[in-house]
Structure formats: C-alpha cells, structure tokens
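Visitor: Residue strings, one per chain:
4 protein chains.
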Amino acid sequence: MAPQKLKVAAAGLGRMGKRHALNFLNRTPRAELVAAFSPDPTELAWAKQHLEPYGVTLYDSYEKMIQQPGLQAVVIGTATSVHAEEAIQAMEKNLHVLCEKPLSTNIEVCKSVVEAAKKRPHLKVMCGFSRRFDDSYRDAYNKVEQGLIGRPSILRSQTCDKHDPSGFFVAYAAWSGGVFVDMAVHDIDLTLWFFGDDIIPKSISAHGITAVQPDLRKYNDYDNAVGIVEFHNGKIAYYYCSRMMAHGQEDTTEIIGTEGKLSVNANPQQNFVNYYHAGGITREVPAHYYGRFEMAFVKEANEFTAACLDNGPLPIKLTNAVKAVEIGAALQEALVSGKQIHYDDVGRRIEKAQL
Amino acid sequence: MAPQKLKVAAAGLGRMGKRHALNFLNRTPRAELVAAFSPDPTELAWAKQHLEPYGVTLYDSYEKMIQQPGLQAVVIGTATSVHAEEAIQAMEKNLHVLCEKPLSTNIEVCKSVVEAAKKRPHLKVMCGFSRRFDDSYRDAYNKVEQGLIGRPSILRSQTCDKHDPSGFFVAYAAWSGGVFVDMAVHDIDLTLWFFGDDIIPKSISAHGITAVQPDLRKYNDYDNAVGIVEFHNGKIAYYYCSRMMAHGQEDTTEIIGTEGKLSVNANPQQNFVNYYHAGGITREVPAHYYGRFEMAFVKEANEFTAACLDNGPLPIKLTNAVKAVEIGAALQEALVSGKQIHYDDVGRRIEKAQL
Amino acid sequence: MAPQKLKVAAAGLGRMGKRHALNFLNRTPRAELVAAFSPDPTELAWAKQHLEPYGVTLYDSYEKMIQQPGLQAVVIGTATSVHAEEAIQAMEKNLHVLCEKPLSTNIEVCKSVVEAAKKRPHLKVMCGFSRRFDDSYRDAYNKVEQGLIGRPSILRSQTCDKHDPSGFFVAYAAWSGGVFVDMAVHDIDLTLWFFGDDIIPKSISAHGITAVQPDLRKYNDYDNAVGIVEFHNGKIAYYYCSRMMAHGQEDTTEIIGTEGKLSVNANPQQNFVNYYHAGGITREVPAHYYGRFEMAFVKEANEFTAACLDNGPLPIKLTNAVKAVEIGAALQEALVSGKQIHYDDVGRRIEKAQL
Amino acid sequence: MAPQKLKVAAAGLGRMGKRHALNFLNRTPRAELVAAFSPDPTELAWAKQHLEPYGVTLYDSYEKMIQQPGLQAVVIGTATSVHAEEAIQAMEKNLHVLCEKPLSTNIEVCKSVVEAAKKRPHLKVMCGFSRRFDDSYRDAYNKVEQGLIGRPSILRSQTCDKHDPSGFFVAYAAWSGGVFVDMAVHDIDLTLWFFGDDIIPKSISAHGITAVQPDLRKYNDYDNAVGIVEFHNGKIAYYYCSRMMAHGQEDTTEIIGTEGKLSVNANPQQNFVNYYHAGGITREVPAHYYGRFEMAFVKEANEFTAACLDNGPLPIKLTNAVKAVEIGAALQEALVSGKQIHYDDVGRRIEKAQL
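Just so you know, the sequences run in chain order A, B, C and D.
Using UniProt numbering, the final residue of the first sequence is 355, and nothing's skipped along the way.
Using UniProt numbering, the final residue of the second sequence is 355, and nothing's skipped along the way.
Using UniProt numbering, the final residue of the third sequence is 355, and nothing's skipped along the way.
Using UniProt numbering, the final residue of the fourth sequence is 355, and nothing's skipped along the way.
Because the hints were derived from the structure by calculation, they are not lab data.
Heads up, a few of these hints could be off.
[As the list claims (entries may be wrong)] Facing chain A, a subset of chain D residues (Cβ under 10 Å, in silico): (1) 162; (2) 250; (3) 276; (4) 281; (5) 283; (6) 285.
C-beta: ideal position from N, C-alpha, C; glycine also.
Construct all of the structure, not just a fragment, from the sequences and the given hints.
Guide: So, in structure tokens, the structure goes:
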C-alpha cells in the first residue's frame with residue numbers, strides 16, 4: 001500500500017501563493033496538492049493551466065475549498081488581511097495550517113489565531129518564517145548550540161530589498177503594518193530563535209527616513225529604518241530595513257557571542273560566478289527574496305508536511321509569530337512617534353511619566 | 001486529462017543510482033519512476049523501503065526491467081563497465097537513455113553507443129555531465145555567449161576531491177580509467193562546451209605524482225595530475241585533478257577570454273555562513289561532489305525528461321561524451337608514458353618519428 | 001640647497017606615541033624628528049636607544065621640549081587628559097600641532113583648543129582621525145563624490161576590538177569617556193566626512209550591555225553598545241562598538257546611497273592568504289587597530305607635514321574633532337540614561353517636557 | 001654618534017629604477033641614497049628634481065658613479081641586458097649589490113655573476129625576487145614551515161598582467177627572454193622557496209598561444225602560456241603566464257600539501273572597498289605589479305640594507321636566481337619547440353633518443 005500523502009489545499013495564488021502551490025505540487029514528496037483557491041480570475045486561469053491538469057480542484061471560494069472531502073491541510077498565501085480569518089476557518093474544519101507571515105499586522109488578531117490553535121492541540125498550525133528553514137541559518141543555529149561562539153549577546157540583522165521604482169510599496173504601505181512589521185519581522189523571528197523565545201524587551205528605539213519614496217510619509221512609513229531592541233537578559237538586537245538597495249536582496253545576520261561570531265550572507269551572491277572585467281571583479285546578487293530563499297520554502301513545505309503526517313513537533317512555535325509582530329509593532333511605534341519605549345522585567349510597558 | 005508523465009526506470013542503486021532514482025521519484029514533476037533495478041540485495045532492500053511503496057516495481061535483472069510494459073526511459077547509474085551495454089539494450093527496447101558519465105573508459109565502446117543511438121534518432125540518449133546543468137556554469141556560459149569576455153582562449157579547470165584515507169581509490173583505480181578519464185572528463189566536457197565541440201587537439205602533455213596513495217602506481221594511476229591540451233584553433237585548456245584535498249570538494253573553472261575572465265567556484269563554500277573565532281574567519285566547503293552539484297542533477301533529470309516528452313533537443317550531444325573520454329584517455333596516456341602527444345590539424349595522431 | 005624639512009617633536013612615547021615618533025623619523029620624508037618627550041623613564045630608555053642616535057633630543061618635560069629652537073611642529077600622542085593643554089601650549093610657542101584623537105573627552109575643553117587655533121590661523125592644527133587617511137576610505141569617499149551611489153543616506157559603521165581579557169579596559173573606562181567617545185568617535189568622524197560636517201542631529205538613541213566585562217558598569221560603561229543618530233537632512237548613521245571580538249579588529253563601514261552602496265572592510269583580513277584545512281577555509285584578521293591602519297598613520301604624518309611646509313589646507317577641519325566628541329558624548333549620555341535625546345533643526349537640545 | 005647608514009647608489013632610473021631610488025631615499029631608514037645614474041637625459045632631469053635636492057649625486061656614467069668615495073652598495077634597476085655586467089663591476093669596486101631580476105636571460109651570464117660573487121664572500125649580492133618579501137607569501141611560507149599543510153606537493157602559480165594594447169610587449173619580446181623567463185621566473189623562484197632549492201626537474205612541458213598579440217610570434221613568444229615542471233622528489237609545479245588580463249594584475253599562488261592547502265591572492269583586490277550597484281558587487285584590482293607588491297619592494301630594500309650593515313645572511317641565495325632562469329629557459333624551449341624536456345635524477349638533460 002502506498003504511504004499516505006498529506007492532502008493539501010493552497011489558498012491564494014498571487015506571487016507567493018503560486019510558489020507555495022507549486023512547492024506542494026512538485027517538491028513535497030509526502031504531500032499531494034488537491035485543491036487551490038483564488039478570488040482572482042487571472043490567477044485561476046493560471047491555475048487551470050498549471051495545477052488543474054495534475055489533479056488539483058480549483059475554487060473561487062475559500063469556504064468551499066476547505067470543505068473538500070479528504071482535505072487535511074491548507075497553506076495560506078493570500079493577502080495578510082485575511083490570513084487570520086482563513087487560518088481560524090481552516091482549524092474549524094479540522095485542517096492543519098501553514099500560514100504565510102505575518103498572521104496579522106494586528107496583535108489582537110494574531111492572538112486570536114493562537115487561541116484558536118490552543119483549542120485544537122492535535123492540529124499543526126505554523127506561521128512560515130522561511131529563514132528558519134534556510135540551510136545557512138540552520139548551520140549557524142547548530143554552531144551556536146554547539147557553543148562555538150559562547151553566549152550569543154548581540155544580533156544584527158537586516159532585510160534589504162532591491163529598490164522598486166514602480167511606487168508599489170507606497171500603496172502597499174497603507175496596510176503592510178510598516179517596515180518593521182512587514183520586513184523586520186523576519187529579523188525579529190531570528191532573534192527569538194537565537195536568543196530564546198522567552199526573552200523580554202527592556203527598551204526599544206527606532207529611526208527612519210524616506211530617501212527614495214517620500215510619499216510613504218502619508219502612511220507613516222519609511223523606506224529605510226534602523227531599530228534597536230534591548231532585552232532584559234543582557235542582549236541586544238539591532239535591525240536595518242531598506243527598500244532602496246540598487247544591487248538586489250541583501251538579508252544579512254550576525255550573531256555575536258562572548259567567544260565568537262557567526263555571519264549569514266555577509267557576502268551576498270547569486271551563484272558561484274565572478275566576472276573579471278576592466279572595472280574589477282563583479283558578482284551578481286539575487287534580485288528578490290525568493291531568489292535567496294527558494295529552497296527554504298521547499299524545506300518549509302516538507303517539514304510542515306512531515307509534522308502533520310507523523311504528528312511531530314513543528315519547527316516554530318505559533319506564539320513566536322505573535323511575539324515577533326508585537327516587537328515589530330513596537331519598533332514601528334517608536335519609529336513613528338519618535339519616542340523610546342520601555343518595559344519592566346516582566347514585559348509590561350512603562351509609560352514615560354514613570355521613568 | 002492529466003498530462004503525460006515520462007515513465008522512467010532506474011538502473012543501479014548504489015550511491016549515485018539512489019540519487020538518480022530519488023530525483024526522478026520526487027523532484028522531476030513531469031516524470032514518474034516506475035521501475036528500479038539492482039543486482040545487489042542490500043540495495044534492493046533499501047529500494048523496498050524507499051521506492052516500492054511509491055509504486056516503483058523492483059527488479060534484480062536489468063533485462064527484465066527494461067521489458068516492463070509502458071516504460072519509456074531508463075536512467076543508468078550502474079558501474080561504468082556496464083553503462084554502454086545497458087544503454088544499447090535500452091535503445092533496442094526503444095527506450096530513451098540518460099547514462100551516468102562516462103559511457104565507458106574504452107573509446108571503442110563509447111563509439112558503439114553513439115552508433116546505436118544514430119540508428120534510432122527518435123530516441124533521446126544523453127550522457128549526464130552534471131556540471132552543464134549547474135546554475136553557475138550556465139550563467140558563465142551565457143555571459144560568454146553575450147560576449148562579455150571576448151573570445152574564450154584559456155580554460156583552467158580542476159576536479160579536486162576530499163582525501164579519502166580508506167584506500168578505496170586504490171582498488172577503484174584498477175578499472176576507473178585513471179584520473180584524467182575518471183575525474184578530468186568533467187573538465188574536458190566543460191572545455192568542449194566553452195570552446196566548441198569541434199575543437200581539435202594539437203598537443204597534449206601531462207604529469208602526475210602519488211603523494212598520499214603510493215599504491216596507485218601499480219595501476220599506473222596518480223593521486224594528483226596536471227595536464228595541458230593545446231588546440232588547433234589557438235586555445236589551451238589545462239587541468240588539475242586531485243584526490244588529496246583536506247578541505248573538501250573543490251571544482252573550480254576559469255574561462256579566460258581576450259577581453260575578460262569568468263571564474264566558477266573560485267571561493268568554494270558550503271553555504272552562506274562564516275564563523276569568526278580566535279584563529280580567524282572560517283567557511284566550510286562541501287565534502288563531496290554531490291554537495292556541490294545536487295541541484296544540477298535535479299535539473300539534469302528535469303531537462304532530460306522535458307526533451308523526451310516534448311521531443312526537444314538534448315542539452316548535450318552524445319558525441320561529446322566520446323570526445324571527452326578520448327581526450328581524457330590521451331591525457332592519461334601522456335601521463336603514464338611520460339611523452340607528449342601530437343595531432344595534425346584534422347586530429348590525426350602524429351607519431352614521434354614524424355615530428 | 002636641500003629642501004626644507006619640517007622639524008617635528010613627538011610628545012608621548014607610549015604605544016601610539018612610539019608609532020608616531022617612528023613614523024616621523026623614518027616614514028615621513030619631508031619631516032625631521034628632532035625632539036621627543038616622555039615623563040616615563042621606561043619610555044625614555046626606549047627613546048635613548050631608538051630615537052636619540054638619529055639626532056632626536058629627548059626631554060622629560062613637555063614645556064622644555066617645545067622651547068627647542070627651530071622646532072616647527074609637535075605630534076601629541078600622550079594621554080587624552082593632557083592633549084588639549086599640550087596642544088594649546090604648542091600653539092603658544094607658534095608650533096603646528098597634530099594631536100591624537102580625541103582632543104578631549106570634555107567638549108568645553110575641545111572647544112578651547114579650537115578657540116586657541118582660531119587665533120593663530122597661520123598654524124596647522126589637526127586632530128588625527130586616522131581612517132580619513134586610509135586608502136580604502138579615500139577610495140570610497142571618491143566614489144561617493146563621483147556620484148556612484150547617488151545621495152548617501154544611511155551610514156553603518158562599527159569599531160570592534162579584539163577581546164582583551166586582562167581587565168585593562170575596566171580601569172581605562174574610568175577616564176576614556178565611554179565607548180561612544182573612545183571608540184565610535186572614529187565612526188562619527190566618518191559620518192561627518194561622508195554626510196558633510198554641517199549635518200545637524202535630530203535624535204539620538206543608544207543601548208548597551210556588559211557581556212564580558214561586568215565591572216565596566218561601575219564606570220557607567222559597556223563592552224558592547226549600539227547607537228543611532230538621525231540627522232535633520234534625512235540621513236541616519238548607526239554604530240556598533242564592541243570590545244568583545246574573538247577574531248580581531250573589525251572596523252567596517254557601509255555608506256548606503258539612493259543608487260548604490262559602498263562597503264569598507266566587509267571582509268576583514270590580515271593579508272592575502274587563505275588556509276584550506278579539514279575544517280574549511282580560514283583567513284586571519286588583524287589583531288589590533290594598528291594592524292589595520294598602519295599605513296593610514298604614515299599617510300597622516302606625510303599629509304600633515306605637507307600642509308605645514310606648503311601652507312596648504314589640512315585634510316580635516318579641527319571643528320569636526322569637537323563635533324565628533326559632542327555626538328559621541330550625546331550617544332554615551334543616551335546609553336547611560338536610557339533616554340532618547342532630541343534636537344531642533346538648528347541643533348539645540350529639546351528637553352523631554354517640550355516634546 | 002649616529003648609527004651608520006648604508007650608502008647606496010641607484011643604477012637606472014626607469015620605471016622600476018625610480019621606485020628603487022625613492023625606496024632607498026625615503027623608506028629605508030638605515031640606508032642613505034647618495035648617488036644615482038641614468039644614461040637617459042629625461043630620467044636625469046627627473047632625478048635633478050626628485051633626488052639631487054636630497055643630497056644624491058647624479059651621474060650619466062655607471063663607471064663613474066661606482067667610484068664615488070664612501071659608496072657601499074648599489075641597487076641595479078637598469079635594462080636586463082646590463083644587469084650582470086654592472087653587478088660584476090660593482091663587486092669589483094667592493095660594493096654590495098641588489099640587482100633587479102633577472103640577472104640575465106642568458107644562463108651563462110647569470111653564472112658569471114654567481115662566480116664573481118663567490119670570489120667576494122664578504123659582499124652581499126642578491127637578485128631581488130620581490131614576492132619573497134611580501135607579507136602574504138611570508139605568512140604562507142611560515143605556515144608551511146609549521147607543518148600546517150603536511151608535505152607541499154603541488155604548486156600552482158601564475159603571473160598575469162593587465163593587457164597593454166600599446167604593442168609595447170611585442171618590441172619587448174625581442175630581448176625579454178620570453179614569457180617564462182620574464183614573467184614565470186617569479187613563480188619558479190617561489191617554487192624553489194616552497195619546495196626547496198635543491199629540487200631537480202624531471203620533465204618539463206609547455207604550451208602557448210598568441211590570443212591578442214599575434215606579432216609576438218616573430219620573436220617566438222606568446223601572450224598566454226602554460227607550463228608544467230615535474231620534479232624528481234615527487235612534486236609538481238604548474239604555471240600560467242598571461243599578458244591579457246582585462247581586470248588588472250593577478251598573481252596567484254596555491255601551495256597544495258598532503259594535509260592542506262594555502263592560497264595567496266586567490267581573490268585579488270585593490271583595497272577593502274566593495275561597490276554595490278545594479279549590476280552586482282564589484283571590487284577593483286591593482287592595475288600593475290607594483291600596485292600589488294609595493295610594500296614588498298620596500299621590505300626588500302630594508303632587508304638588503306640590514307644584511308649589508310649587520311653582515312647577516314641574505315634572504316635569497318644568489319644561485320636561486322640562476323636556477324630560476326634555467327628552469328624558465330627550459331620552459332620557454334619546451335614552449336617554442338613543442339617538445340617535452342626530460343632530466344635524469346642528477347639533473348642532466350636526457351635527449352629524446354635516449355628515452
């Protein structure tokens with residue numbers, strides 16, 4: 001008898017949604033993509049050609065899709081604004097959930113997903129922070145676990161996107177939650193991973209500019225921002241987010257310990273080619289996030305599938321997804337208000353008057 | 001109706017055979033692994049666990065396997081000595097063939113495969129030189145095609161394996177064809193790719209030592225060898241093969257043109273991690289060939305499958321596989337005999353007396 | 001007639017003082033070291049052997065030294081606490097002054113040196129920020145000037161020293177001014193160079209930890225600190241100072257513009273050697289600041305000498321030395337107080353109540 | 001009393017001659033440049049401005065210069081054709097000699113210098129192979145001595161110059177001795193250093209092309225050449241010389257041992273700057289040999305001076321300079337004749353008939 005495959009549905013067939021669908025269709029041996037949903041006719045047309053012939057049933061209604069008999073799990077790659085609702089609906093249908101980050105830009109909404117998941121402990125509910133599945137980050141994490149750098153104390157991490165002059169990100173800023181929630185959430189999640197998810201912020205500072213997209217200001221957003229989170233256990237993380245890179249995607253992390261340091265992607269590169277020419281030696285850089293992390297998404301799909309089929313532990317706690325957004329939102333608040341934020345040692349906000 | 005998938009059988013389930021089987025099973029969406037063969041009970045036991053449950057029929061006889069109804073193609077990953085025979089048998093059963101390199105260490109045998117393939121032009125018969133499917137080599141090739149380095153004139157390429165102190169390679173030398181046929185054949189194939197497969201050698205020199213495996217001498221082989229092939233069109237390729245690397249696999253190529261240069265893998269690395277410690281900054285290196293080229297093998301499986309299903313052109317001419325072995329064997333002869341080999345401008349060997 | 005050489009005296013023969021003395025003695029062709037002073041008998045004994053034989057008159061009194069007839073300039077490499085006083089005394093004797101950074105850790109004292117220099121505009125008075133003389137920083141600066149990165153908008157810079165477990169830096173913290181004044185002053189000076197010395201801070205945040213030297217706390221200092229300075233012209237600089245590096249000196253700067261980025265020393269290295277071994281590929285890193293910047297100090301000596309002899313402009317404005325300490329002190333205040341500091345658009349401090 | 005300084009004269013004030021003169025004038029504290037010679041009025045005019053004011057007596061006759069009273073040493077940077085003669089004349093005047101490489105392109109002439117030096121063992125006579133004074137090569141050498149790579153077995157070394165389209169090198173080929181004598185002599189000298197200067201060649205092969213300077217053929221020279229030297233002690237060196245680099249000077253060496261490998265300059269770079277732009281990340285490369293090795297020439301001048309003043313050992317045996325040219329000339333012969341060269345185990349040439 002053939003081993004059981006996890007029957008998965010894909011919600012959302014936009015840029016990331018398509019990738020999730022194809023990863024579950026083609027690169028997740030233990031999973032079977034059986035359904036897909038998009039409200040968008042163009043996306044459905046694409047699915048008719050690329051998914052339907054391989055046995056994937058298509059839907060223009062999320063509710064209908066999650067009622068498909070035999071379905072076991074859903075991967076949610078729709079717009080952020082519906083992530084939480086769809087995740088909760090899926091759980092109500094007894095489905096495992098892999099949800100694109102963030103659960104929501106609103107912390108209360110994030111928490112509602114965690115509450116829903118707590119009630120169904122047999123379900124696997126994961127918010128996909130792709131960098132946790134990247135071979136390099138995994139290697140760095142293992143080296144930290146082996147004690148190679150002593151006690152991790154400082155974490156520097158940046159998410160820097162290639163400049164998109166189209167103006168897309170101005171419109172996007174209206175609902176993205178701001179650079180720290182949209183971009184730095186990855187860096188914050190890495191912080192929770194490397195420093196421990198029980199860390200408690202002590203104070204938060206952030207500063208930003210609009211160097212290439214001045215219209216972002218109308219949404220209280222910035223195209224370059226720097227933030228510092230100091231934790232109560234004597235650790236600091238500092239972040240840089242930018243949408244202004246000329247050269248491509250540059251997501252770099254340093255974990256600095258008392259006895260050594262690890263860097264991930266300090267030398268960004270597209271591949272192993274160097275081009276030697278009259279101007280020097282040049283290497284190219286991935287243009288996009290997916291160019292850097294494609295294989296991490298594949299591993300994410302496979303590990304999620306394995307956890308569902310084998311009833312094993314998920315590689316990321318769902319509560320981290322809330323905590324990362326909480327810290328991101330605080331950074332964003334510090335950025336917009338121009339004020340530092342302080343917390344006591346159990347994590348309660350200290351108002352300025354009390355300082 | 002579901003799109004047709006190519007029904008593939010895997011011959012040989014040793015180290016590379018297993019990888020081919022799994023790549024066709026799991027990472028080649030348009031193919032379906034339907035059969036696998038090994039004469040070895042241990043390998044068959046592995047297959048019983050990892051292949052059979054997914055619908056793969058197992059065989060202990062190659063002849064029987066290729067008679068499986070509906071089979072369309074075979075991937076041959078058995079011992080080199082049976083590559084050619086199995087390839088020809090498959091063609092006789094009207095099967096497409098993807099054969100691990102080399103077709104044979106014997107040139108006449110190689111040619112017999114080409115002859116057999118010529119008689120069945122509707123079949124896709126390819127010898128898998130994996131580096132041709134590597135993203136970095138592809139990028140370098142495209143840059144050459146775009147004229148970025150002018151006219152390619154010098155090619156330096158090396159295949160350097162991590163030292164294996166087990167003595168395995170001494171026994172292996174008895175039938176491997178020697179370092180230039182076994183290892184440099186990749187570098188020679190790259191030469192045919194970058195310089196054009198119509199190039200004609202003019203003279204060949206080679207020198208070798210046994211630095212760590214003196215017992216290789218009994219098989220006329222070497223653990224480190226350097227060779228130069230000068231071509232009639234004013235180009236030179238030079239090669240270094242070694243089985244003595246302490247640090248891991250280091251397969252590096254430089255293509256030097258009249259107006260620029262491209263390097264591939266001049267800075268070998270396992271991933272994007274750097275470890276900073278009291279002794280400096282260290283990056284790790286893949287331990288094995290597959291660590292460097294895994295995704296190239298996946299692409300090879302996919303492109304072969306596409307060529308079969310769509311009746312499209314193969315990415316490598318089968319005749320190149322013969323020519324690469326011919327040049328490799330000549331390098332090996334120059335190495336063992338301590339004599340330079342010369343050719344006239346139509347590629348006929350010039351004997352020493354004629355010089 | 002031989003061209004005139006600048007007659008220079010060296011004040012202070014400690015670690016840096018010795019280097020300055022030897023650079024003026026041996027590596028500054030247009031200068032002549034004619035005198036040297038140290039209050040320390042051990043240092044004077046060293047000078048008796050290494051300086052006196054080459055025509056350098058030795059002194060145990062600074063006042064006496066600067067009265068030496070014919071003297072034209074003094075290089076001050078004594079303890080920071082006497083820099084300013086000695087600089088002013090030298091000016092009163094009509095001597096040009098090259099003073100090690102900082103002029104003082106006290107801003108009023110810094111300003112008194114600037115005032116003294118303003119009264120004697122014919123004198124060349126420079127505070128030596130060595131990185132301005134480094135070939136790599138110069139190259140980066142020229143590339144910015146050529147417009148290669150558009151408008152510089154974000155500057156990241158770090159001064160990270162190899163961990164010294166001796167406890168020296170605890171004692172040193174008593175009078176160093178703190179990490180931001182002692183270490184980041186270089187990074188701040190670079191900011192003034194790359195962003196323009198007329199930039200006005202808008203807000204300042206800083207956070208620090210004591211990861212390896214907890215005793216630093218008694219002097220209100222930290223072994224790792226991160227700070228952000230936001231400027232009124234839409235630019236941000238952020239800094240990291242550490243005394244905890246296992247691998248050596250790592251002083252890295254990134255200048256990020258609207259159309260490109262420049263990094264300086266993103267890949268620290270001692271020299272051009274890579275060592276390939278079973279653990280990977282390792283390159284070493286300079287252990288100390290001087291290992292990285294030795295040739296910058298030599299160029300500093302030569303350019304200062306040229307400015308004195310040719311009555312040319314100095315490469316660094318003296319007022320920058322004050323401004324760098326001002327910003328450093330504000331970062332240190334923000335670090336110690338745990339409060340953000342704000343400035344209006346003419347640079348006046350805004351108190352919290354006004355916010 | 002001031003310590004004695006070595007009184008040095010500089011012969012030849014062409015490109016390299018000027019550099020030697022200035023290095024002895026300004027960057028060799030224990031030496032004093034007292035005289036300089038050039039037959040060329042333009043060069044003498046330069047010297048009138050840059051050397052004479054600093055107490056350097058100028059000559060248009062080498063013979064006259066070496067008679068200057070008090071002179072102790074001469075640095076010879078004239079045309080190769082007069083190196084040997086001038087070196088011998090200097091020795092006859094009891095002068096120490098630092099001679100630019102090569103002593104001569106003719107081996108007998110080289111040997112005559114060695115003979116002359118043997119008769120005056122109190123004189124320091126050195127042929128300046130600059131790479132021996134480079135910090136990186138020194139570091140690599142020390143690491144080999146420490147046993148870090150086991151037994152050095154394979155050496156790959158290249159001297160690759162930036163392409164000079166002016167045609168200068170065609171005229172130069174008339175008397176340069178050919179690429180292997182002119183360029184690879186450095187790589188051969190490194191081989192003698194890393195493998196031991198008692199190594200005996202076993203066989204030599206070489207191949208070359210004229211890719212960008214076809215006119216070189218009339219002087220039996222090549223713009224790209226590859227050669228292999230196999231030694232009797234089980235070691236191999238292989239070389240690549242090119243005058244065709246688009247990107248600048250690229251002199252790279254790998255020393256491959258039984259337990260590790262060292263590379264020197266595997267990643268050529270002008271400085272520590274990386275430029276990130278829409279096309280990727282670019283670093284520049286030194287345009288010329290002196291850009292890479294300037295500080296090595298300074299160290300060479302200083303170490304030669306110290307050996308003369310202190311009667312210490314020279315860092316390079318003079319006989320190596322002969323051996324390096326011998327091997328270079330054999331490579332050039334193999335290149336031009338298209339024939340391999342063989343030697344018996346005491347280094348006697350074996351003619352083809354004997355093979």
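Visitor: Now look at each hint and say whether the structure bears it out.
Guide: Consistency of the hints with the structure:
1. 162: 9 Å, holds
2. 250: Given a least distance of 8 Å, the restraint on residue 250 of chain D holds.
3. 276: 4 Å, holds
4. 281: This interface hint holds because 6 Å falls under the 10 Å limit.
5. 283: Residue 283 of chain D check passes; min Cβ-Cβ to chain A is 5 Å, inside 10 Å.
6. 285: Holds, about 6 Å.
Comparing the model with each numbered hint stated earlier shows that all of them hold.
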